[in-house]
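Chemist: Sequence lines, in order, name chains A and B. Numbers given in our numbering equal positions in the first sequence, counted from 1, plus 55. Numbers given in our numbering equal positions in the second sequence, counted from 1, plus 5.
Simulated from the structure, these hints should not be mistaken for laboratory data. The beta carbon of each residue, even a glycine, is placed where N, CA and C say it ideally should be. Any given hint could be a false lead.
Every beta carbon over 12 angstroms from chain B, so not counted as near; a handful from chain A, in silico [stated by the list, open to error]:
| # | residue |
| --- | --- |
| 1 | Thr-100 |
| 2 | Thr-105 |
| 3 | Val-121 |
| 4 | Gln-124 |
| 5 | Asn-132 |
| 6 | Ile-136 |
| 7 | Asn-138 |
| 8 | Asn-150 |
| 9 | Ser-151 |
| 10 | Thr-156 |
| 11 | Gln-160 |
| 12 | Thr-161 |
| 13 | Lys-229 |
| 14 | Ser-236 |
| 15 | Phe-239 |
| 16 | Asp-262 |
Chain B stretches covered by chain A per the calculated footprint, using a threshold of three residues with CB under 8 angstroms from any CB of chain A [as the list claims (entries may be wrong)]:
| # | stretch |
| --- | --- |
| 17 | 22 to 30 |
| 18 | 79 to 87 |
| 19 | 116 to 123 |
| 20 | 126 to 139 |
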Amino acid sequence: MRGLDSLASGVSRSSSDLPSVLFASPAMDLEPQLASITFATNNPTLTTITLEKPFCMFNVSIPKNVSYQVNLYVMVNSGSIWNAAVKDNRSFPINSTFQETAGGQTAPYKAASFILPPCGDLPNLDKVGDMSKIAEIMSTYLVRVGDNTYCLLDPNFEGTCNPPLVRATEYRFKYVLVNTSSGFVEDQTLWSQPIQTNQISPYLEIDTWPGRRSGAMIVITSILSSLVFFLLLGFVAAVIFSFVSMGSSDLETQHESQISQEVVPKAQGTLETSYSSVNRRQSLDQAEVYTSKLQD
Amino acid sequence: MAAEKGSPAVVGLLVFGNIIILLSGLALFAETVWVTADQYRVYPLLGVSGKDDVFAGAWIAIFTGFSLFVVASFGIGAVLCYSRGMLLTYLVLMLIVYVFECASCITSYTHRDYMVSNPALITKQMLTYYNAPTSQGRELTRFWNRVMIEQQCCGTSGPLDWVSFTSAFRKAISEAEFPWPPLCCRRDANFNPLSEEGCKLGYQDYLFTKGCFDHIGHAIDSYTWGISWFGFAILMWTLPVMLLAMYYYTIL
Chain A
56 MRGLDSLASG
66 VSRSSSDLPS
76 VLFASPAMDL
86 EPQLASITFA
96 TNNPTLTTIT
106 LEKPFCMFNV
116 SIPKNVSYQV
126 NLYVMVNSGS
136 IWNAAVKDNR
146 SFPINSTFQE
156 TAGGQTAPYK
166 AASFILPPCG
176 DLPNLDKVGD
186 MSKIAEIMST
196 YLVRVGDNTY
206 CLLDPNFEGT
216 CNPPLVRATE
226 YRFKYVLVNT
236 SSGFVEDQTL
246 WSQPIQTNQI
256 SPYLEIDTWP
266 GRRSGAMIVI
276 TSILSSLVFF
286 LLLGFVAAVI
296 FSFVSMGSSD
306 LETQHESQIS
316 QEVVPKAQGT
326 LETSYSSVNR
336 RQSLDQAEVY
346 TSKLQD
Chain B
6 MAAEKGSPAV
16 VGLLVFGNII
26 ILLSGLALFA
36 ETVWVTADQY
46 RVYPLLGVSG
56 KDDVFAGAWI
66 AIFTGFSLFV
76 VASFGIGAVL
86 CYSRGMLLTY
96 LVLMLIVYVF
106 ECASCITSYT
116 HRDYMVSNPA
126 LITKQMLTYY
136 NAPTSQGREL
146 TRFWNRVMIE
156 QQCCGTSGPL
166 DWVSFTSAFR
176 KAISEAEFPW
186 PPLCCRRDAN
196 FNPLSEEGCK
206 LGYQDYLFTK
216 GCFDHIGHAI
226 DSYTWGISWF
236 GFAILMWTLP
246 VMLLAMYYYT
256 IL
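Modelling step: build the complete structure from the supplied sequences, incorporating the hints.
Modeler: This is the structure:
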């Protein structure tokens with residue numbers, strides 16, 4: 056990994072190491088890289104792919120008076136990618152557009168071109184935490200393919216059009232170093248690994264089945280259901296048992312009363328005459344009892 | 006009838022058990038009032054789904070909590086009066102309350118599983134209703150806007166929810182325009198986005214990368230724990246007290 060990814064992973068590395076490491080291999084072995092996830096959470100998107108700019112990828116010792124620019128070429132991943140040329144036979148970079156190449160399906164098209172970022176101006180990732188610097192860092196270090204949604208619709212648009220890519224399609228990218236004064240291609244990277252734009256799936260297909268029930272739900276449901284069962288069982292048993300025992304105790308009290316009826320008359324019999332005048336206003340049933348006792 | 010009055014130990018236990026039921030009934034009542042007050046304000050999520058059984062459980066538990074308080078008080082009276090009739094009434098009422106409280110516990114926890122055992126349902130609901138021009142859509146949009154700002158989160162599992170799936174929001178706003186709702190962008194004290202471009206690109210310092218599911222799951226979980234597990238504990242305590250009361254009824 057080269058560029059920001061490697062820098063991001065190696066921030067702790069001392070800055071003096073970086074240039075020597077970065078200059079070690081020529082651009083012929085390098086390829087454009089997807090931007091670090093730190094910078095772009097959503098990458099690739101449906102219609103865009105964000106790449107890192109080619110920092111120190113080209114092994115050129117830049118003279119002060121010559122300026123370089125970098126062209127970014129995009130092509131749909133296909134079998135013909137290895138024959139795809141990005142310079143003509145006079146070594147000028149091609150200038151085919153998105154429309155001419157059917158969105159990169161037939162041949163590479165030029166999606167962007169920018170001044171070669173100076174190698175000395177390495178991304179200072181210590182500044183990443185600094186909010187005020189981040190916008191600058193992003194515009195300096197990232198290039199977003201498919202960013203311009205309007206250039207295809209604008210008939211007067213001039214310059215390099217960078218229209219949205221097609222979703223769920225694999226693309227390959229290549230950086231080409233162009234000498235701005237001579238116009239010749241001086242160096243180029245390899246074609247990148249295929250990078251696929253995002254695929255969107257319909258929300259209706261989300262499966263909302265909760266899957267396995269949680270253990271707590273099973274515990275609560277099963278235990279409480281069986282407890283209610285036992286409780287009802289116990290209640291029914293208690294009611295039945297109390298009815299049964301109530302019935303038997305009723306018999307006992309009846310028996311007792313029969314005994315007392317046998318006993319009481321003997322006691323009351325002697326006092327009967329003396330009570331009769333006193334108890335004249337007794338209730339009807341009591342009177343009946345007394346009459347029956349009298350008969351006894 | 007009350008000739009045989011049962012041992013004082015049984016009476017003491019019953020009174021003690023009922024005092025505990027009475028107190029915990031009151032606590033359950035208070036706790037479920039807290040749930041229905043919906044402090045986390047997640048009711049729209051459940052309301053829109055067409056099922057609000059977590060809250061239904063809470064409403065049942067308000068009733069049963071208060072009933073437990075009243076019936077247990079009555080039970081203490083019944084035990085101390087040595088009255089078979091009162092004790093039978095106590096047992097019948099308590100059984101009814103017990104069944105309802107079981108229903109509350111089970112309903113609440115089952116629905117919790119349905120809602121938050123995985124983020125799929127909440128995600129689907131969010132994608133279906135966020136920014137939809139219906140009354141449910143407006144309610145849920147308000148809910149999500151508030152949660153995303155308050156909790157500094159985006160989407161259910163993260164901002165990628167909005168770009169991996171089609172949605173009512175995506176129908177209205179293309180991905181190139183804004184990949185996720187602008188309220189996912191980190192904002193300064195004046196509520197201006199720190200960097201709209203950075204947010205669109207998804208730079209981590211400009212965007213809430215955390216999902217809101219943790220917050221929602223936590224809210225619904227704490228409601229359910231309150232209703233179901235506390236209710237469960239009360240029921241576990243009530244069971245032996247009622248069995249003892251049944252025994253007492255048979256010997257009274």
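Chemist: What are the numbers of the hints that this structure violates, sorted from low to high?
Modeler: 1, 2, 16, 17, 18
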